[in-house]
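Modelling step: build the complete structure from the supplied sequences, incorporating the hints.
So the sequences go chain by chain: A, B, C and D.
Each residue of the first sequence is one higher than the one before, starting from 1 at the first, in our numbering.
Each residue of the second sequence is one higher than the one before, starting from 642 at the first, in our numbering.
Each residue of the third sequence is one higher than the one before, starting from 1283 at the first, in our numbering.
Each residue of the fourth sequence is one higher than the one before, starting from 1628 at the first, in our numbering.
If you're looking for bench data, these hints aren't it; they were derived computationally from the structure.
Each hint should be verified, as a subset may be incorrect.
Unchecked claim - Taking lysine-lysine and the DSS-like style, the derived pairs with C-alpha atoms no more than 27 Å apart in a straight line are:
{"id": "1", "chain 1": "C", "residue 1": "LYS1611", "chain 2": "A", "residue 2": "LYS290"}
{"id": "2", "chain 1": "B", "residue 1": "LYS1251", "chain 2": "B", "residue 2": "LYS1215"}
{"id": "3", "chain 1": "D", "residue 1": "LYS1818", "chain 2": "A", "residue 2": "LYS290"}
{"id": "4", "chain 1": "D", "residue 1": "LYS1781", "chain 2": "C", "residue 2": "LYS1607"}
{"id": "5", "chain 1": "D", "residue 1": "LYS1956", "chain 2": "B", "residue 2": "LYS1110"}
{"id": "6", "chain 1": "C", "residue 1": "LYS1486", "chain 2": "D", "residue 2": "LYS1781"}
{"id": "7", "chain 1": "C", "residue 1": "LYS1486", "chain 2": "A", "residue 2": "LYS469"}
{"id": "8", "chain 1": "B", "residue 1": "LYS1215", "chain 2": "A", "residue 2": "LYS574"}
{"id": "9", "chain 1": "D", "residue 1": "LYS1648", "chain 2": "A", "residue 2": "LYS132"}
{"id": "10", "chain 1": "A", "residue 1": "LYS175", "chain 2": "D", "residue 2": "LYS1956"}
{"id": "11", "chain 1": "C", "residue 1": "LYS1436", "chain 2": "D", "residue 2": "LYS1952"}
{"id": "12", "chain 1": "B", "residue 1": "LYS1110", "chain 2": "D", "residue 2": "LYS1826"}
{"id": "13", "chain 1": "C", "residue 1": "LYS1439", "chain 2": "D", "residue 2": "LYS1946"}
{"id": "14", "chain 1": "A", "residue 1": "LYS469", "chain 2": "C", "residue 2": "LYS1383"}
{"id": "15", "chain 1": "B", "residue 1": "LYS931", "chain 2": "D", "residue 2": "LYS1946"}
{"id": "16", "chain 1": "B", "residue 1": "LYS839", "chain 2": "C", "residue 2": "LYS1439"}
{"id": "17", "chain 1": "D", "residue 1": "LYS1770", "chain 2": "D", "residue 2": "LYS1784"}
{"id": "18", "chain 1": "A", "residue 1": "LYS437", "chain 2": "C", "residue 2": "LYS1303"}
{"id": "19", "chain 1": "A", "residue 1": "LYS132", "chain 2": "D", "residue 2": "LYS1818"}
{"id": "20", "chain 1": "A", "residue 1": "LYS437", "chain 2": "C", "residue 2": "LYS1607"}
{"id": "21", "chain 1": "B", "residue 1": "LYS931", "chain 2": "C", "residue 2": "LYS1439"}
{"id": "22", "chain 1": "D", "residue 1": "LYS1954", "chain 2": "C", "residue 2": "LYS1436"}
{"id": "23", "chain 1": "A", "residue 1": "LYS469", "chain 2": "C", "residue 2": "LYS1303"}
{"id": "24", "chain 1": "D", "residue 1": "LYS1818", "chain 2": "D", "residue 2": "LYS1781"}
{"id": "25", "chain 1": "A", "residue 1": "LYS173", "chain 2": "D", "residue 2": "LYS1770"}
{"id": "26", "chain 1": "D", "residue 1": "LYS1784", "chain 2": "A", "residue 2": "LYS290"}
{"id": "27", "chain 1": "A", "residue 1": "LYS198", "chain 2": "D", "residue 2": "LYS1728"}
{"id": "28", "chain 1": "A", "residue 1": "LYS469", "chain 2": "C", "residue 2": "LYS1481"}
{"id": "29", "chain 1": "C", "residue 1": "LYS1607", "chain 2": "D", "residue 2": "LYS1784"}
{"id": "30", "chain 1": "C", "residue 1": "LYS1486", "chain 2": "A", "residue 2": "LYS198"}
{"id": "31", "chain 1": "C", "residue 1": "LYS1436", "chain 2": "D", "residue 2": "LYS1946"}
Computed from a prediction, not measured in an experiment: that's the story for all the values here.
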Amino acid sequence: MVSNGLMTTEMHSPPEHVVEELDRVTIRFAGDSGDGMQLTGTQFTRTTAVFGNDIATLPDYPAEIRAPTGSLPGVSGFQLSFSSSDIRTPGDQPDVLVAMNPAALKTNLGDLVPGGLLIVDEDEFNPANLKKAAYTSNPLEDGSLRGFQVVAIHITRQNELALEGLPLNAAGKFKSRNFYALGLILWLYGRPLDTTVKWAEERFGRSPETLDANLRALYAGHAFGETTEVFHTRYEVAPATVRPGTYRHISGNEATALGFVAASILSGLPLFYGSYPITPASDVLHELSKLKSFGVKTFQAEDEIAAIGAAIGAAYGGHLALTGTSGPGLALKSEALNLAVMTELPLVVIDVQRAGPSTGMPTKTEQSDLLQAMFGRNGDSAVAIVAPCTPADCFMMAIEAFRLALKYMVPVVFLSDGYLGNGSEPWRIPSLSDIPKLDWEYAKPVEGWQPYLRNPETGARTWAVPGQKGLEHRIGGLEKSGQNGDISYDPRNHHEMTLARMGKVANMTRDIPPLEVSGPSEGELLVLGWGGTYGAISSAVEAARSQGKSVASAHLRYLNPFPANIESVLRSYKKVLIPELNTGQLSLLIRGMFLVDAVPFNKISGQPFKIREIQGKIDEVLGLRGPYVLDFPQGSALSGG
Amino acid sequence: MVSNGLMTTEMHSPPEHVVEELDRVTIRFAGDSGDGMQLTGTQFTRTTAVFGNDIATLPDYPAEIRAPTGSLPGVSGFQLSFSSSDIRTPGDQPDVLVAMNPAALKTNLGDLVPGGLLIVDEDEFNPANLKKAAYTSNPLEDGSLRGFQVVAIHITRQNELALEGLPLNAAGKFKSRNFYALGLILWLYGRPLDTTVKWAEERFGRSPETLDANLRALYAGHAFGETTEVFHTRYEVAPATVRPGTYRHISGNEATALGFVAASILSGLPLFYGSYPITPASDVLHELSKLKSFGVKTFQAEDEIAAIGAAIGAAYGGHLALTGTSGPGLALKSEALNLAVMTELPLVVIDVQRAGPSTGMPTKTEQSDLLQAMFGRNGDSAVAIVAPCTPADCFMMAIEAFRLALKYMVPVVFLSDGYLGNGSEPWRIPSLSDIPKLDWEYAKPVEGWQPYLRNPETGARTWAVPGQKGLEHRIGGLEKSGQNGDISYDPRNHHEMTLARMGKVANMTRDIPPLEVSGPSEGELLVLGWGGTYGAISSAVEAARSQGKSVASAHLRYLNPFPANIESVLRSYKKVLIPELNTGQLSLLIRGMFLVDAVPFNKISGQPFKIREIQGKIDEVLGLRGPYVLDFPQGSALSGG
Amino acid sequence: MTSTVSANGLLAGDLPVLTRKDFVSDQEVRWCPGCGDYSILAQMQKMLPELHVAKENIVFISGIGCSSRFPYYVETYGFHSIHGRALTIASGLKTARPELKVFVVTGDGDGLSIGGNHLLHAMRRNIDLTVVLFNNRIYGLTKGQFSPTSEFGKVTKSSPYGTTEQPLNPIRIALAAGATFVARSVDRDTKHLEETLFKAAQHKGISFVEVYQNCNIFNDGAYAAFAEKDVRQERMLFLEDGKPMRFGNNREHGIRLNGFTPEVVHDAESDDGLIVHDATMANPLLANILVGMDYPNYPVPIGVFRSVEAPTYDELVQKQVDAAKAKEKPDFDALLRSGETWEVS
Amino acid sequence: MTSTVSANGLLAGDLPVLTRKDFVSDQEVRWCPGCGDYSILAQMQKMLPELHVAKENIVFISGIGCSSRFPYYVETYGFHSIHGRALTIASGLKTARPELKVFVVTGDGDGLSIGGNHLLHAMRRNIDLTVVLFNNRIYGLTKGQFSPTSEFGKVTKSSPYGTTEQPLNPIRIALAAGATFVARSVDRDTKHLEETLFKAAQHKGISFVEVYQNCNIFNDGAYAAFAEKDVRQERMLFLEDGKPMRFGNNREHGIRLNGFTPEVVHDAESDDGLIVHDATMANPLLANILVGMDYPNYPVPIGVFRSVEAPTYDELVQKQVDAAKAKEKPDFDALLRSGETWEVS
Ligand SMILES: Cc1ncc(C[n+]2csc(CCOP(=O)(O)OP(=O)(O)O)c2C)c(N)n1
Ligand SMILES: Cc1ncc(C[n+]2csc(CCOP(=O)(O)OP(=O)(O)O)c2C)c(N)n1
Ligand code: SF4
Ligand code: SF4
Ligand SMILES: [Mg+2]
Ligand SMILES: [Mg+2]
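Shown next as structure tokens:
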């Protein structure tokens, strides 16, 4: 164990540090939810993105708003991975863990790579905190951390010293500890402080004391790294080579909100968002409610049913109608969603999936609403389903969702998930002028117009919007006679209308891009995924290929209908592996539709896949090893016990 | 066309009628919803059942309570089929159609077999009624009925004559016309009047005028048949040979209600029924609300969510908890049903399916909620699913539903449908003493008890019911730690709990009867069905076999899990055909789970399969004919346009 | 002739003088003969031309129930939605398109049982909708179960032993939720009904009309004791703003207050001491007193209980959008670039 | 020591004298430090022993929200259900098992937004439940969106431009739905809170307590202006049955009525003309007047607004079952054979 650095102020010349080049580093900041770990992580991310690394992040909050300070459920974490080459996941396991208190250590240590760097605030390892974290002895002293490079620092006390003289009490000073830690880590990876300084000046400009405290803490942390011998090595991760352009950082939920506003601009139709708050979808509501200047109207409804009802009303009124929720809310919306199916109105439903069933684990991710989205309605009722595969991809898929909804007059479910929604990545900012406009048309009072006349190509009925003279008509949830839309109980009509409604979704097959394969176009194994597992799957498959294995990967962003070429892609490989964060939902569809003996690989732990887990399963399926069993480190949740 | 019989009173001796023996006859009574067709049909059914024929019925009401008199949507119908041998459907097409007015003729004629007997009330074919039925000329006169044996009778006027002198005005007399028609048809098939007379005496005892009018009408209709030469032939259908015992007639919804009361008696647990009215499930509420003396408590809730919520409360309280609805209501219940999955409480949910999506066609049948029942919830969430296959089978499957729910602490969905619920058949009344008692156990405060301890065999957790000292504990919709039930976000725990919850349903496989095959145990073709299509499928397959074809049938009454032997049954035939009243929901499951290239045969018209439709498809699959295409006669709905 | 332009640039067209017939659709009316719904439909169709709103700018939205069939029969835009949710759809439509005139038709089951919560929230938001609740105190369409307005102890198909629950009073709920216009009328009094619908439709903000409606099939005569023509004047209290409360064939009886309790004054010679109706009081207390008056203890109050002005949800939302647009100059590229960005070249 | 037998023949056990500690569960309390919920929990745990009901016969049922975590912390039976539905589960449980004492804990979002309709219907049914609604005028658990009790114009995460809707008043809704016991208390006044919870728990029929609860994270100080200790007497009106309405540090001010409008009488020397509180009036009008009194125009009324007796749903249902059993002698074989049967031999 490295000794603490309390005596550093007595040292005179800064020691020389060895600089080591690394390709990729994964860091996790963990502390109490009051410790500002999300801010620390975000600032490090920004700096590193501006520096030019590729980067991916995974924040992880506790379920409670403020669990008791120092408690296990109160731990909040932020993991990020940055690299000099293209990366797609926030890393399987941290190489570096910053633990601001014993509870943070307890809940996160299980994930740290063996021999990894562990930085702790030694001051917080007092008996009271150890007890709250259910430690019977102090891990800094009992030898249980032997397998790691432990750097125990008196962060609290050093920070207090740095802030001496400021008009703040101890509690106030304590709040800047995260800047101290940030300064230290920025130093460790040779990152400049200016991005953070600039940000802090903007953010705390109105409160000069806070600004001063935070900046002093930041510099102190940085200086500590520079001047002590605690660290023998500094690390460098060279910038990645990425496509030229203007970049920003974006989370999935931000990209979702912006994508839907983009759809509004590209279509010229005002956006209406009906929603009821629910984790992890609420951020979309928060984002959109700020954007009134873009003509966005947000309607915070009394419940999810009212939220989708209002959106249906807006769709009927000719607006770009959107509703959003997470799994339990989608269940509540199912009856009304079916009304949109039956009335053939364009509507998009966001589901930012979380771990279920029921309330489940609201702050954890899962991909387990696919079959609910497909089938969770009475009767034979098809909706289209799209699923973004990275945080930034939410932007484009949001536009796609409305392109399909408007063109085919069909509700579209946009299946995001907590991992995508809260995770973020650098994003090359697109220009709207590069994106095709969205087509749509209101019905016009032409001779012979009828409310259920269909476009011969798409199957869509016309969008007859109130306010148009001569198109007064009635729609509703009862079966309607084709063409004229009168209520009909005629057997043939119902048979045909059922097929016509489902047929519109099938027709989209011609209109969506083919499934792209990465890797050999035929071979031993195809790994097929969807949604937020893209990063882990594609990284694992690339790694496997670089080891000479005949493996390709493909990622579905359209789940209903599937791309036209899916069957031929599936049949080009001897085996198909489908990793999913559920018990095999896509697998069932693929097997049932194509009779392909796809192997499901399922993880239902509320956490994303690790690259090595998929690698392990690939090897199993290729016969290169015995059965691969997921191993969950005990107490390894980013937070929570 | 046979001339009308207005001059019959002038005839002196009754003519001799030829008697013809038939094996099976299908009759449909159709008239305005005010014409009492349901009563006529029911009375004929009773008489015929007591006579000893096997019988099956299909009532069909209009969607409106009282559509305008004489209108097309106001037509109400009742079809019944009776036979001297075992029958299982109310007949593909009527041999006899009784049409009380032009609208009834219009909406029903398309179904009558070519050359079939058509009895109409000629008096009602006046210009006003013809117009309401959208006839431009009188079909009795324009030759359009040439293909049928038309018997046009002045039922209204004759009935009025018969009632002369009674203190009733014309409208009052008009109301007895259905008894006139009933008397006539009873005569035609050589049935005694006494069953009806006895019933009428009980029913109208308090209103002697009505009784008198109805009986006079009944006798007059009967006498008309006896004394006129309108009918040259009388028909006889000999009694069927059925198992000895006491029989009654029972509809599916009645059998459902009685079955759940039986489950209450067999378990010794009081029955609680939480429901919100909805067609075609409301009758279950009506039936159960009468049975308070059996300790049944019915709770008519403010909506479907409250209904299932109340049932969950009752289940938690240790009662036999039941909730019931139809498709749109199941959609609304989905979020709360997931709570029952998560809290692992025993609960049964009735879904009397109707044609969807959305409001769809409430009075029409469909089997299109299977995938909703399987998957219509967020997260990976399994419920057990049972499906009765005949009206009377609802009784046994209701008991089965609770047997499984109680033993495995899992919600069970009971998938009935409008065809089963409203249809009826003769039923050999069982004795409860022949049915095994239902096992269950409340948790007891033993050393080491914990709320999520599982039974090693079934996987069920214990049922710890308030009121038991020492078992105070908390449950809920958040993920719970195995055994102690504390809230848990632990990844491994969630993975394992998800599998444990689904595992309970899988465990039932060992506990349910194997899939029975009717016909050869291997061969060319297996026709696999579920639910209310049993009659049509088994009849069609028997007919095919009697023509020497190598076809077997099997009917699933357990849909989740499937019976243990299903895969070996499926693999014993070269081909598998799955007829369903949906777009292929069971097909998807069978294909996806067993990779068997089952051929779906789908009808989504709101009507049951006809035997010949399934025969046609069997021949297609066996290569004995070209593609079989469903043909829907124009305007062929039993009612509605 | 007036001409209006609706949202999305649709031209609402020139507005000819419309008549009742213009509002009759081509759909066959499918209620039971004798049903009170016919009268409500007729009065609505009579009233609509008086609004001087172009047909294409009027929308009727309903849930499910006999009453909810209403939109089929009116020659405007119509949406027959799902059970209990009409108000949610109407709220979305009106918020998106404030220039439309939106009616909601619902029943006692649709609006107060499954849809009760949406009623509360639409009312407190004061969305500019006209809500007509057909109260027949029964579930008609599903053939005769009790509803949340059925009398305590009522025997129905689903309560063969009589119900065990107290009814809700729709007016009381509307007042508690803050509805800005609350009225009651009855199918049998066609003139009063037409007038009441007209007042409701002209109110800006949410207007709520409970219509006592006879279901002659499953709950015949629910209001006969006081609503039939011959007894109406004696047994109903016609509320008139600014007038003392009087009833009786010759308006000979009056209503006064004794503490918080209303009292009938038989043959009141003078108006002194009689309550003067005022529907415009900010405080809903008088309305709350009236709503407690039930037959046979009192004549049944009918007419406008409350009518006050307040900003509507839809206009407030629109104002926020307009103000934001004016102030913040929407620039999407700038929005995309807000926060930290960096260049890679 | 008392001994009770519960349904299903479970022996409830002998009832020892219980203390507050008996009602503290082994679960770590997970609210934000400083949250008003702690006080409500503490007063509840203090009050429960006074009910003299065995722990195993008490059930706490909640929905979802910070407030709804409550059942974990009470050592009784507990059910943390789903958002807005606690009352439905409680209604089913109580109807099935009338001998249990059932509490419902809910929030302003849980109980009035998504769950508003169930509140209306449970109240009109008068099911014997004790409902405690923690009103912090915000969505706590989902981190700070406005709720149906948030003030008009409030800026929150989901209303950056301020809300555009009027709040609901929970007491008003409870009164309109016919709740037989309606009260208000506040987290900061522990004594009043404990007493109010006790009165509510002892009421037979539905009892509804709105607790003004501070969310120090997302809506800190919502009630500080009148509920803090030093201003409480001056700015709140403590309702006491049978007593004239007085407030002030020395109870020097009073409330009288002017028409329908309450008025503050400063330094009222005599009680004459001051309203005497009476929560037991069948007519809820006085309660309706009180509910309109808001700070700063009035002192905020706190205490029992209404408390009347009426038969409960659960007991009425049980009586129907008992009467039917006694009268009709249940015979299932006979039931199966009722109607037409025939013998085949
Ligand atoms: C989700 C759902 N639940 C239940 C029903 C069945 N249902 C249709 S209308 C209705 C009640 C009708 O009563 P009311 O609203 O009073 O209308 P009325 O027919 O009396 O005019 C019910 C329960 C349905 N269509 N959908
Ligand atoms: C069906 C559903 N919708 C939304 C949510 C998200 N959600 C949880 S609690 C809550 C509101 C909490 O507010 P309140 O009831 O006032 O409780 P508080 O946290 O303020 O005590 C919401 C919207 C959910 N869990 N389930
Ligand atoms: S059932 Fe009643 S409410 Fe419905 S249409 Fe008939 S009379 Fe009217
Ligand atoms: S968020 Fe507010 S209500 Fe929730 S626990 Fe924290 S302080 Fe309490
Ligand atoms: Mg009604
Ligand atoms: Mg709250």
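Hint check results:
no., hint, in the structure
1, C:LYS1611 <-> A:LYS290, "holds, 13 Å"
2, B:LYS1251 <-> B:LYS1215, "holds, 24 Å"
3, D:LYS1818 <-> A:LYS290, "violated, 43 Å"
4, D:LYS1781 <-> C:LYS1607, "holds, 21 Å"
5, D:LYS1956 <-> B:LYS1110, "violated, 33 Å"
6, C:LYS1486 <-> D:LYS1781, "holds, 24 Å"
7, C:LYS1486 <-> A:LYS469, "holds, 24 Å"
8, B:LYS1215 <-> A:LYS574, "holds, 25 Å"
9, D:LYS1648 <-> A:LYS132, "holds, 21 Å"
10, A:LYS175 <-> D:LYS1956, "violated, 73 Å"
11, C:LYS1436 <-> D:LYS1952, "holds, 21 Å"
12, B:LYS1110 <-> D:LYS1826, "holds, 25 Å"
13, C:LYS1439 <-> D:LYS1946, "holds, 19 Å"
14, A:LYS469 <-> C:LYS1383, "holds, 14 Å"
15, B:LYS931 <-> D:LYS1946, "holds, 14 Å"
16, B:LYS839 <-> C:LYS1439, "holds, 25 Å"
17, D:LYS1770 <-> D:LYS1784, "holds, 8 Å"
18, A:LYS437 <-> C:LYS1303, "violated, 43 Å"
19, A:LYS132 <-> D:LYS1818, "violated, 31 Å"
20, A:LYS437 <-> C:LYS1607, "holds, 22 Å"
21, B:LYS931 <-> C:LYS1439, "holds, 9 Å"
22, D:LYS1954 <-> C:LYS1436, "holds, 20 Å"
23, A:LYS469 <-> C:LYS1303, "holds, 17 Å"
24, D:LYS1818 <-> D:LYS1781, "violated, 31 Å"
25, A:LYS173 <-> D:LYS1770, "holds, 25 Å"
26, D:LYS1784 <-> A:LYS290, "holds, 9 Å"
27, A:LYS198 <-> D:LYS1728, "violated, 59 Å"
28, A:LYS469 <-> C:LYS1481, "holds, 25 Å"
29, C:LYS1607 <-> D:LYS1784, "holds, 20 Å"
30, C:LYS1486 <-> A:LYS198, "violated, 51 Å"
31, C:LYS1436 <-> D:LYS1946, "holds, 16 Å"
Comparing the model with each numbered hint stated earlier shows that hints 3, 5, 10, 18, 19, 24, 27 and 30 do not hold.
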